[in-house]
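Student: If you read the sequences in order, they're chains A and B. Counted from 1, the first sequence has number 38 at position 38 by the numbering used here; the numbering is strictly sequential. Counted from 1, the second sequence has number 342 at position 140 by the numbering used here; the numbering is strictly sequential.
To be clear, the hints were calculated from the coordinates, so they are not data collected in a lab. All values derive from a computational prediction rather than experimental measurement. A few of these clues could be false.
With a Cα cut of at most 25 Å, we get these calculated DMTMM-like pairs of lysine to aspartate or glutamate [claimed, not checked]: (1) A/Lys-49 <-> A/Asp-66; (2) A/Lys-17 <-> A/Glu-31; (3) B/Lys-251 <-> B/Glu-312; (4) B/Lys-266 <-> B/Glu-305; (5) A/Lys-49 <-> A/Asp-93; (6) A/Lys-64 <-> B/Glu-312; (7) B/Lys-266 <-> B/Glu-353; (8) B/Lys-266 <-> B/Glu-291; (9) A/Lys-49 <-> B/Asp-324; (10) B/Lys-266 <-> A/Asp-66; (11) A/Lys-64 <-> A/Asp-128; (12) B/Lys-251 <-> B/Glu-290; (13) A/Lys-64 <-> A/Asp-122; (14) B/Lys-266 <-> A/Glu-23; (15) A/Lys-64 <-> B/Glu-334; (16) B/Lys-251 <-> B/Glu-291; (17) A/Lys-49 <-> A/Glu-23; (18) A/Lys-17 <-> A/Asp-48; (19) B/Lys-266 <-> B/Glu-290; (20) A/Lys-17 <-> A/Asp-66; (21) A/Lys-64 <-> B/Asp-268; (22) B/Lys-266 <-> A/Asp-45; (23) B/Lys-251 <-> A/Asp-122; (24) B/Lys-251 <-> B/Asp-268.
There are 2 protein chains.
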Amino acid sequence: MTTTPAAPSTKRGPYAKSKQRRESIVTAAHEVFAARGYRGGSLQDVADKVGMSQTSLLHYFPSKSDLLLAVLNWRDTVTGGGHPRDPEESLVDAVVRQARFNETVPGVIELYAVLCAESITDNHPGLDFFTERYERLRRSYFRAFSALADEGRLRPGVDPGQAAASLIALWDGIQTQWLMAPGDVDMAGCLRAYLELVVLPE
Amino acid sequence: MTTTPAAPSTKRGPYAKSKQRRESIVTAAHEVFAARGYRGGSLQDVADKVGMSQTSLLHYFPSKSDLLLAVLNWRDTVTGGGHPRDPEESLVDAVVRQARFNETVPGVIELYAVLCAESITDNHPGLDFFTERYERLRRSYFRAFSALADEGRLRPGVDPGQAAASLIALWDGIQTQWLMAPGDVDMAGCLRAYLELVVLPE
Numbered sequence: 001m002t003t004t005p006a007a008p009s010t011k012r013g014p015y016a017k018s019k020q021r022r023e024s025i026v027t028a029a030h031e032v033f034a035a036r037g038y039r040g041g042s043l044q045d046v047a048d049k050v051g052m053s054q055t056s057l058l059h060y061f062p063s064k065s066d067l068l069l070a071v072l073n074w075r076d077t078v079t080g081g082g083h084p085r086d087p088e089e090s091l092v093d094a095v096v097r098q099a100r101f102n103e104t105v106p107g108v109i110e111l112y113a114v115l116c117a118e119s120i121t122d123n124h125p126g127l128d129f130f131t132e133r134y135e136r137l138r139r140s141y142f143r144a145f146s147a148l149a150d151e152g153r154l155r156p157g158v159d160p161g162q163a164a165a166s167l168i169a170l171w172d173g174i175q176t177q178w179l180m181a182p183g184d185v186d187m188a189g190c191l192r193a194y195l196e197l198v199v200l201p202e
Numbered sequence: 203m204t205t206t207p208a209a210p211s212t213k214r215g216p217y218a219k220s221k222q223r224r225e226s227i228v229t230a231a232h233e234v235f236a237a238r239g240y241r242g243g244s245l246q247d248v249a250d251k252v253g254m255s256q257t258s259l260l261h262y263f264p265s266k267s268d269l270l271l272a273v274l275n276w277r278d279t280v281t282g283g284g285h286p287r288d289p290e291e292s293l294v295d296a297v298v299r300q301a302r303f304n305e306t307v308p309g310v311i312e313l314y315a316v317l318c319a320e321s322i323t324d325n326h327p328g329l330d331f332f333t334e335r336y337e338r339l340r341r342s343y344f345r346a347f348s349a350l351a352d353e354g355r356l357r358p359g360v361d362p363g364q365a366a367a368s369l370i371a372l373w374d375g376i377q378t379q380w381l382m383a384p385g386d387v388d389m390a391g392c393l394r395a396y397l398e399l400v401v402l403p404e
C-alpha cells in the first residue's frame, strides 16, 4: 500500500514470489489435468512437477477443487475468455480468428474438452463453472445473432437462440475431432462454413 | 453344438448364466463409468454393484480396459450403432429420430461424452475406439451428403466432407449442452435446423 522506495525487494519480493509460485502451480496442474483428467491427476503429481511438497502446495490451494477452478479460470485468460470479440470485427472473422488461435494451444483445448465432459460426472467441482460458461456463451451469441437479424443479415428461418447453441456445440465438437485427427479436420473451415450458411453477406 | 434335447438345462445353463453375468457386469460398468469416468471408476465399484468379488469379475474381463471396450461396444448396440439409417428414410428424419431416441437414454449419452473426452488423455484405452468411430462416422455422412449432392439437393457451396464432420460435431456438442441444461437446449431441433440449411427440400 505504501509507495516509499525503502527496501522494495522485501516489500514486493514475497508477494511477487507467491504470485509466481501460484502461477507455476496452475501451469503444472493444467498439464496434469490435461494429461490425466481431474480425477486421474493427483495433487502429488502437480507437486512433483513444480518440485514442492504436497503440504506446501496446499498452502497455496487448500484443495484439489480449488486448484481445478484456478486452472479453469486461467484457461479463459489464455484463450481470451471464451470466444470474445472486438466490436468492430465481424462475427465470422472473430470466430475464425479465435479458432485459428486455438489451433496453436492444443493443450488448452484438450484440458477444456476433458474437464468439461468430466464435469458431468457425479459431484464434480467443475460442473457449475461449465454450466454457467455455456449459459453466458449462449446469451452472448444470442445477442450477436439477434443484432444481425435486426440488420436483416440472418438467413430467414434461422432462430438466433438455436444458432447460438449450435455454433458453440459445433465449435466444441469439431475441437474434439481435431484433437483426435488434426490432419483430417479443418476447425476454422467448419466454423466459417456454418456461419456463412447462417449469416447473409453484407 | 448338439441339438439333442437331453439335459438342456446343464447344456444351456452355464453358457446362458455366463452370458447373463457378462451383461450384468457391462451394465454395472456402464453406470460406474458414466458416474465417475473410466479413471475415476474402479473395478471394485463395478464388482460391488453386481455383488461379486473383484476376482470373479476378472474371470469375465481380465482387465479394466477390456471392460471399457465391452461397455463402448455395448453402447453402440443400445443406441443403434452410432446414428445409422434405414435407406428409405431421409437423412434429416433419420438424424432427428436418433436424436429423439438419445434423449430417452441420457445415461448412455453421458457415458459416451465422458469417455470420449477422457480418451484424449494419456494412454487411455478408449482412444482407438473413438478415433476409428469418428473416421467411420465421417465416411458414412460424407457418402450421404455426396449422394444428396449428386441429386442436386446439397446447397451450392456446401462441401460434403465438411458437412459430415460438422454434423457429427454439432451432435456431440449439443448433447453436452443438453446434459447440463436439458430444459434450455433442443437437441433434435438444432440438428434439424442445421440439416435444413445444408440439404435443399425435395
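Student: Now tell me if each hint is right for this structure.
Tutor: Structure-based check of each hint:
1. A/Lys-49 <-> A/Asp-66: holds, 18 Å
2. A/Lys-17 <-> A/Glu-31: holds, 21 Å
3. B/Lys-251 <-> B/Glu-312: holds, 19 Å
4. B/Lys-266 <-> B/Glu-305: violated, 28 Å
5. A/Lys-49 <-> A/Asp-93: violated, 38 Å
6. A/Lys-64 <-> B/Glu-312: Holds: A/Lys-64 and B/Glu-312 sit about 24 Å apart, inside 25 Å.
7. B/Lys-266 <-> B/Glu-353: Cα-Cα ~48 Å, so violated.
8. B/Lys-266 <-> B/Glu-291: Since the Cα atoms of B/Lys-266 and B/Glu-291 sit roughly 39 Å apart, the hinted pair is violated (cutoff 25 Å).
9. A/Lys-49 <-> B/Asp-324: holds, 16 Å
10. B/Lys-266 <-> A/Asp-66: Since the Cα atoms of B/Lys-266 and A/Asp-66 sit roughly 30 Å apart, the hinted pair is violated (cutoff 25 Å).
11. A/Lys-64 <-> A/Asp-128: holds, 16 Å
12. B/Lys-251 <-> B/Glu-290: Violated: B/Lys-251 and B/Glu-290 sit about 42 Å apart, past 25 Å.
13. A/Lys-64 <-> A/Asp-122: Holds, at about 16 Å.
14. B/Lys-266 <-> A/Glu-23: With Cα atoms ~36 Å apart, B/Lys-266 and A/Glu-23 exceed 25 Å; violated.
15. A/Lys-64 <-> B/Glu-334: With a Cα-Cα distance of about 34 Å, the restraint between A/Lys-64 and B/Glu-334 is violated, given a limit of 25 Å.
16. B/Lys-251 <-> B/Glu-291: Answer violated: B/Lys-251 to B/Glu-291 is near 40 Å, above 25 Å.
17. A/Lys-49 <-> A/Glu-23: holds, 13 Å
18. A/Lys-17 <-> A/Asp-48: holds, 19 Å
19. B/Lys-266 <-> B/Glu-290: violated, 40 Å
20. A/Lys-17 <-> A/Asp-66: holds, 20 Å
21. A/Lys-64 <-> B/Asp-268: Violated: A/Lys-64 and B/Asp-268 sit about 30 Å apart, past 25 Å.
22. B/Lys-266 <-> A/Asp-45: holds, 22 Å
23. B/Lys-251 <-> A/Asp-122: holds, 16 Å
24. B/Lys-251 <-> B/Asp-268: holds, 18 Å
Consistency note: the structure conflicts with the earlier hints numbered 4, 5, 7, 8, 10, 12, 14, 15, 16, 19, 21.
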